[in-house]
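Please build the complex by placing chain B on the supplied structure of chain A, with the hints as guidance.
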Amino acid sequence: MKNKYGLLLLSLFFTCISLQAEDISSSLFSDMKQFDTVAAQTKQNEHYQPYIISVFETKELEKLGVSNLKEALMLVPGVDMATDNFNVQTPIFRGSNPSAYGQSKLLVDGVVVNDLFFDAYTQYLFMPIEMIKRIEVIRGPGSQVEGINAYAGSINVVTYAENFKGFASNDKAVLKYGSYDYKMGGFVKSFHIQNLKAHIDMYYQKDDKKIASGPDGLSQGSLGTDNVGLSRSGEVPLWFEEYGLGLSMEYKGLSFKGRIQQHKQGSAYGINLALPQERDRIKLPSYYAQLGYAKKLHDLHIDIKAGIKYDAFDSKAKLGPDNLNLRGIIFLNGAYGEHYAKQRTLYQSTYLQYNGFEKHHITLGYILRQEKTIAMTSKLSDLATGNVALVDYTDTLPFFDKDAGRNIYTFWVEDEYDVNEKISLLYGVNYERTSYKDAGLEPRVSLVYRRDFKNIFKAIYSNSHRNPSWQEMFTKNNNARVGTTSLQPERVTSYELAYIRNFSNSVYLQSNVFYLRNSDQIYNSATDPLYKNTAKTDIYGVEFEYKGHISSKDVLYANYTYLNGGYKLEGNNTNYNLPNVAHHLFKGYYIYDFDSAVSLGSTLKYVGSKKRMSMDPRSDLKAYMTLDTALNYKNSRYGYTLNASVKNIFNADVRYPSPQNTYIDDFKQEGRTFLVTFKKSF
Amino acid sequence: MIRVLFFSLLLFESLFGYSYDDLLLRAQSAIYPKIVVLDKKVSSKLVDDKILFTVVYCKEDHESALFVKQYIQNKYKDGVGKYPISVDLVEFSQLSKETGASALYVLYGSKNDIKKAAEIARQKRVISFSYNLENLKYGLLFAAVIEKTTTLYLNKEYKNIKSIELADFLLQSVKFIDKSAF
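Listed in order, the protein sequences are those of chains A and B.
Going by the working numbering, 533 is the number at position 533 of the first sequence; the sequence numbering is gapless.
Converting from the second sequence to the working numbering requires adding 682 to each position, the first position being numbered 1.
Treat each hint with caution, since some may be false.
[Said to hold, decoys possible] No farther apart than 27 angstroms at their CA atoms in a straight line, the calculated lysine-lysine pairs in the BS3-like style are these:
1) A:K59 with B:K830
2) A:K634 with B:K764
3) B:K757 with A:K59
4) B:K716 with B:K819
5) A:K454 with B:K798
6) A:K342 with A:K622
7) A:K165 with A:K70
8) B:K741 with A:K59
9) B:K844 with B:K830
10) B:K757 with A:K133
11) B:K838 with B:K861
12) A:K296 with B:K830
13) B:K857 with A:K454
14) B:K716 with A:K33
15) B:K759 with A:K197
16) B:K830 with A:K33
17) B:K723 with B:K759
18) B:K741 with B:K723
19) B:K757 with A:K33
20) A:K454 with B:K830
21) B:K757 with A:K189
22) B:K757 with A:K422
23) B:K844 with B:K757
24) A:K165 with B:K757
25) B:K751 with A:K33
26) A:K33 with B:K722
27) B:K723 with A:K197
28) B:K830 with A:K133
29) A:K133 with B:K751
30) B:K798 with A:K33
31) B:K723 with B:K830
32) A:K133 with A:K206
33) B:K716 with A:K59
34) B:K722 with A:K454
35) B:K861 with A:K454
36) A:K532 with A:K437
37) A:K422 with B:K841
Worth flagging that the hints you see were computed from the coordinates, not collected in a lab.
Chain A on its own, in the form it takes in the complex:
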């Protein structure tokens, strides 16, 4: 009898042990799954993703004195910056059409924020780095957001709204002061009440930047030969003033994301390339609100989103100087203008992901977009008399098509197939129809081969397009830009090979070669302002990106890009040099932590010389190199950080290329500047 009880107890004991082991094992695997999710969403496992991707944690960038999104993007391999006469700045990925906006997409927490008017996102480029948690940049077509197929690259800005269990970030307040009387104040605050998670970020910033430039475009005949003598040089108003307010909420599967970006900037180089007045301005507001619902039903994940976006182009400026002569009419006190076009985008998307197959993760979905101009006004000084008072030309001589509209329907399906432990294959296709010219089918395939932890290989083939922007389709009655709805989308076919060498958990070298075949590239010029699909461009290059350490107290990051190629014009077989593109780009930074409180950081950027368009007689735009340095002090006891930085220490002459027959001496950028940042964490 005793033995029986003994056996029973023993068997109970082993049953308990085994049950306990089962509990531990399921909790172990659940932990691992949670970290998989966080790693995938935070791109911690970036090297295993089927893209060429670089991820920047802003905590590190803050130590370098990086102030905003634009400065951070300047560190990305293969990325250069371009601007235009409005000072609408845009990052150029791998030299792909520096004259076009919209070849890259900017997403803020997964919402595409490119505006409709330019298809650009200049109003977000000055977003303070302290509002941003992480920047994920994919080079080449594609994006991490389902159905969004960027052309040359995509940037996902992740704010502190991202909040994983156990990974909460501190709330904080920031104050900054710098050159050109730059002032900034803002805060980030998160709430967590039972199942409700909320996040708010808010900031205000302004500066008073003016940079001596000129002669203006009149010297090149931008307003006709009669006005060449009226050309001036002077201080170009490059100031800006903006506030941003972001709000996001999450309750169980429901989510809300909203943002108000109120951006105003000086009229820069002038709508008609005539030097504007100091307070002439352009407003580029951008607002969005998106509702989402996500649900997991066993192996099926459903994600439904619907949103509304508004953006506008709103300009008030002196368009021509005193005594301007337009077709024989003399404007004694100059010509003024007010241009306003407000756009609305409604969208709805659904995607389904099925993970029920052992080796396949199938995703399919659609996005429906309705884009529309909802308000437009066009006022100018009297064109008939030359009187300075504004006349409403909204109906008679509009600068823009007030009935502009476009519907876009995008469908996609893709399968991530884990062939075996070492090889995974992502293949899929996008299909798009629009109210105008269609992009049609765009297939893509990418293969990731993980030979072992240290060696990862990728091969990517993809196709994408960029739909013409509003200004390329709907501007009219304008000396500088004339749109047409007959434009084809710009198209790209991309071939990429990458090799990633992980030397250790925190040291890697990523290298890749790429070949991009671009067709139907959209250009216009000062002498022919009508936008046309005029060029085919082939671009090839190689990129290296290294991150590591020299000691246990530092971080070293460096990247180098070489790119080259050529373009051909429609109906002409001559191959021209790639214009306005630096063949060599080098960026790097080094941060040394003296202890847990004090660190010193330096950033070096080199942008090679740039050739001109084939018809442009100007000599190459000179290369430049800038060096920045920053001292960072962190007081853990009181939770504040103080950072002082000097940028472009040697006052290098930085210029972005101007198109031919505009500002002949290009668009000069700021020289040496300083910035002081105070940040308090709560």
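Positioned in the frame of chain A, the structure of chain B alone reads:
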């Protein structure tokens, strides 16, 4: 070009610094204590009836070691399985056979420090976990790595160790790795 590449690779490999990845530290701190309990012989390794999880580190990594301690103490307030857990921090220079430990979690260290930690774990017949996968080549047993998914690597030497007997399902989930792989 190939020569330049080869030289560059050698140069990069020769740089010897490191840093800790926040996510990986958290992942390992969450996972490793559970693996200790999945050793069928864990009851013979308790210290004062507790699992004593000993973090071994270099002096300059004190902050990271402290982070691990706080993370584990916070996550496992009620113990792991039926065992209470406590965390000790020990510098490599202070580590000896007399150091109390039910398991060792070894952060970055010199080759000799890592070898020493691996040897002491062997003598004490406890599991040794590594922050850096590469340090398995010096005899440490376990490393969790965030690859496409979180992957557990187990040193092939485990097969010759009789004092540790891991649960079968765990053995089915790990990747065995040999010194020659590094």
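Taking the hints in turn, this is what the structure says about them:
1. Pair hint A:K59 plus B:K830 holds up; C-alpha atoms about 24 angstroms apart against a cutoff of 27 angstroms.
2. Taking the CA atoms of A:K634 and B:K764, the gap is near 41 angstroms; set against the 27 angstroms cutoff, the hint is violated.
3. Taken as a hint, the B:K757 and A:K59 pair is honoured in the structure, with Cα atoms around 25 angstroms apart against an allowance of 27 angstroms.
4. In summary, the hint linking B:K716 to B:K819 is supported, as the alpha carbons are separated by about 23 angstroms, within the 27 angstroms threshold.
5. For a cut-off of 27 angstroms, the pair hint linking A:K454 to B:K798 stands: about 25 angstroms separates their Cα positions.
6. Distance check on the hinted pair: A:K342 and A:K622 sit about 38 angstroms apart at the alpha-carbon level, beyond 27 angstroms; violated.
7. Distance hint between A:K165 and A:K70 is unfulfilled; the C-alpha atoms sit about 30 angstroms from each other, more than 27 angstroms.
8. A threshold of 27 angstroms between alpha carbons decides the hint, and for B:K741 with A:K59 the separation of about 24 angstroms falls inside it, so the pair holds.
9. Between the alpha carbons of B:K844 and B:K830 the distance comes to roughly 32 angstroms, so the proposed pair goes past 27 angstroms and is violated.
10. Restraint check: the Cα-Cα separation between B:K757 and A:K133 comes to about 25 angstroms, which is no more than 27 angstroms; the hinted pair holds.
11. The hinted pair formed by B:K838 and B:K861 meets the criterion: a straight-line CA distance of about 8 angstroms does not exceed 27 angstroms.
12. The suggested pairing of A:K296 with B:K830 holds, with an alpha-carbon distance near 21 angstroms, which does not exceed 27 angstroms.
13. Pair hint B:K857 plus A:K454 holds up; C-alpha atoms about 15 angstroms apart against a cutoff of 27 angstroms.
14. Straight-line distance between C-alpha atoms of B:K716 and A:K33 comes to about 15 angstroms, which keeps the hinted pair within the 27 angstroms bound.
15. At roughly 25 angstroms between alpha-carbon atoms, B:K759 and A:K197 fall within 27 angstroms of each other, so this suggested pair holds.
16. Simply put, B:K830 and A:K33 have alpha-carbon atoms about 11 angstroms apart, close enough for the 27 angstroms limit, and the pair holds.
17. Taking the CA atoms of B:K723 and B:K759, the gap is near 23 angstroms; set against the 27 angstroms cutoff, the hint holds.
18. Note on B:K741 and B:K723: the hinted pairing is violated, with a Cα-Cα distance of about 32 angstroms set against a maximum of 27 angstroms.
19. Proximity of B:K757 to A:K33 is assessed by CA-CA distance (about 16 angstroms); at most 27 angstroms being required, the pair is judged to hold.
20. Proposed proximity of A:K454 and B:K830 is supported: the alpha carbons are some 13 angstroms apart, at most 27 angstroms.
21. With a CA separation close to 25 angstroms, the supplied pair B:K757 and A:K189 stays within the 27 angstroms bound.
22. For the given pair, B:K757 sits about 33 angstroms from A:K422 by alpha-carbon distance, which is inconsistent with the 27 angstroms threshold.
23. The suggested pairing of B:K844 with B:K757 is violated, with an alpha-carbon distance near 30 angstroms, which exceeds 27 angstroms.
24. A distance of roughly 12 angstroms separates the Cα atoms of A:K165 and B:K757; the hinted pair therefore holds under the 27 angstroms criterion.
25. Between the alpha carbons of B:K751 and A:K33 the distance comes to roughly 22 angstroms, so the proposed pair stays at or under 27 angstroms and holds.
26. Under the criterion of a C-alpha separation no larger than 27 angstroms, the hint pairing A:K33 with B:K722 is consistent with the structure, at around 24 angstroms.
27. Of the pairs offered as hints, the one joining B:K723 and A:K197 is violated, with about 43 angstroms between alpha carbons and a cut-off of 27 angstroms exceeded.
28. Note on B:K830 and A:K133: the hinted pairing holds, with a Cα-Cα distance of about 22 angstroms set against a maximum of 27 angstroms.
29. Pair hint A:K133 plus B:K751 holds up; C-alpha atoms about 26 angstroms apart against a cutoff of 27 angstroms.
30. For the hint pairing B:K798 with A:K33, the CA-to-CA distance comes to about 33 angstroms; that exceeds 27 angstroms, so the pair is violated.
31. Among the hinted pairs, B:K723 with B:K830 is inconsistent with the structure: their alpha-carbon atoms are about 32 angstroms apart, more than 27 angstroms.
32. For a cut-off of 27 angstroms, the pair hint linking A:K133 to A:K206 stands: about 22 angstroms separates their Cα positions.
33. A distance of roughly 31 angstroms separates the Cα atoms of B:K716 and A:K59; the hinted pair therefore is violated under the 27 angstroms criterion.
34. Distance restraint check for B:K722 and A:K454: the Cα-Cα separation of roughly 32 angstroms exceeds the 27 angstroms cut-off, and the hinted pair is therefore not satisfied.
35. The hinted pair formed by B:K861 and A:K454 meets the criterion: a straight-line CA distance of about 14 angstroms does not exceed 27 angstroms.
36. For the hint pairing A:K532 with A:K437, the CA-to-CA distance comes to about 14 angstroms; that is within 27 angstroms, so the pair holds.
37. Distance restraint check for A:K422 and B:K841: the Cα-Cα separation of roughly 24 angstroms lies within the 27 angstroms cut-off, and the hinted pair is therefore satisfied.
The earlier numbered hints that this structure contradicts are 2, 6, 7, 9, 18, 22, 23, 27, 30, 31, 33 and 34.
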